[in-house]
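Trainee: Taking the hints into account, I'd like the entire structure generated from these sequences.
Given next are the chains, with one letter for each unit.
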Amino acid sequence: MMLLQLFGVMFLVNMFTIGGGYVMLPLLHDFFVTQFGWLTDQEFLDAVAMGQITPGPLTIMNAFIGFKVLGLPGAVVATIGSYLPSLFIVTYVTKYYLKFRDSRVVAGVFRGIKPAVVGMLGAVAVTLGDKSLVDPATMGIGAGCFALMSFTRVDPTLVIIGAGVAGAVFL
Amino acid sequence: MPTLKNIVLVVLKIGAFAFGGVYSMLSFFQREIVNRRKWLGQEEFTEGVAIGQMTPGPPIINTGIFIGYRLKGPRGALAATAGQVLPGFIIVIALAYVYASLKGQPLFTSVLKGIGAAVVGLLLSVVFKMGKQLIHGRSAAMFAVAGFCLLHFLRVNPILLIGLSGLAGYALYGRRV
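Chains as they are written, first to last, in the numbering used here: chain A, 1 to 171; chain B, 172 to 348.
If you're looking for bench data, these hints aren't it; they were derived computationally from the structure. Computed from a predicted model, the values in this text were never measured in an experiment. One thing to keep in mind: the hints can contain errors.
Using 27 Å as the maximum straight-line C-alpha spacing, the simulated DSS-like pairs for lysine-lysine come out as follows [as the list claims (entries may be wrong)]:
#, chain 1, residue 1, chain 2, residue 2
1, B, Lys300, A, Lys131
2, A, Lys131, B, Lys209
3, B, Lys184, A, Lys95
4, B, Lys176, A, Lys95
5, A, Lys95, B, Lys209
6, B, Lys209, B, Lys303
7, B, Lys209, B, Lys184
8, B, Lys274, B, Lys300
9, B, Lys209, A, Lys99
10, B, Lys176, A, Lys99
11, B, Lys184, B, Lys300
12, B, Lys209, B, Lys300
Derived CB-CB ranges, DEER-like [to be verified]:
#, chain 1, residue 1, chain 2, residue 2, range
13, B, Gly212, A, Ser103, 13 to 23 Å
14, A, Val23, B, Gly212, 43 to 53 Å
15, B, Leu273, A, Tyr22, 18 to 28 Å
We put the beta carbon where it would ideally sit given N, CA and C, even for glycine.
Mentor: What follows is the structure in structure tokens.
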């Protein structure tokens, strides 16, 4: 019964939030900590931290939540529940997008959206930079990674690992 | 065109090494799929990013589904989802056992700070490469500047911003070829 409830909550939260990990946090907190009492505040914060330190999307924290609540089966069920709505909805949207992308209306709309997205990503970079580029060492790491990714063909895996090692040595 | 196996391998690699969340993953996707393998152009990749933002669920997963579907239909979409999620899933379960003892370690904190700084560089590089290919002419540049300013200074909701820029795009370009 709890497994089903866990699945249902993850499915609904992912289906009705747009914008990803951070947008879901208040909802997940409300369900798991406030309403069900399945997690403490500290466990919830730990889940967020786990999502941040693991590779891949922040929402992998949902697997940790499931694990805390019901062990391995909980982790599996929470993960499937989290990504199933995306799989249905985005597959459907993409199908129709690819069909209509050449129409004048859709092409015009996306001709506006694409450069705006570039500008918005730039704004996100500035916000993140405010928080994580705080001294010459972190600025050097950030600038080095930018240059490596923009002007060389270095594998991004090496760039990330290198940044972690540089962090261990200089920070 | 890549096979299903090609797609799974690339996405697994991204899922396993893209520390730092969404923005690090975007950079991996751009490098692996647009620059290196040329499975998609910069234009289509940006469309995938926009669609990922507008649809419910985690945006980067959605962008991956867009890419997977575009390359190989529904099976590609499924492969892209599984590949992005599986490595993190395994690591999270493993970490759940040792997390308490890692938490206070100064070395661990330093590594995370280094990766945090790297993500900013990676993301700026995504912006740089997209911008170089997509922003030609004054009107496209205005859309980019407006997107930046409205999000950065006025904190307009990003979904609303994408909607508004789509409307403006329609008004400006949609009615003539």
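Trainee: Hints first: check each against the structure and report whether it holds.
Mentor: These are the hints, each one checked on the structure:
| no. | hint | result |
| --- | --- | --- |
| 1 | B:Lys300 with A:Lys131 | 23 Å, holds |
| 2 | A:Lys131 with B:Lys209 | 34 Å, violated |
| 3 | B:Lys184 with A:Lys95 | 26 Å, holds |
| 4 | B:Lys176 with A:Lys95 | 22 Å, holds |
| 5 | A:Lys95 with B:Lys209 | 21 Å, holds |
| 6 | B:Lys209 with B:Lys303 | 17 Å, holds |
| 7 | B:Lys209 with B:Lys184 | 17 Å, holds |
| 8 | B:Lys274 with B:Lys300 | 36 Å, violated |
| 9 | B:Lys209 with A:Lys99 | 22 Å, holds |
| 10 | B:Lys176 with A:Lys99 | 26 Å, holds |
| 11 | B:Lys184 with B:Lys300 | 21 Å, holds |
| 12 | B:Lys209 with B:Lys300 | 14 Å, holds |
| 13 | B:Gly212 with A:Ser103: 13 to 23 Å | 19 Å, holds |
| 14 | A:Val23 with B:Gly212: 43 to 53 Å | 30 Å, violated |
| 15 | B:Leu273 with A:Tyr22: 18 to 28 Å | 23 Å, holds |
Consistency with the previously given hints fails for numbers 2, 8 and 14, ordered from lowest to highest.
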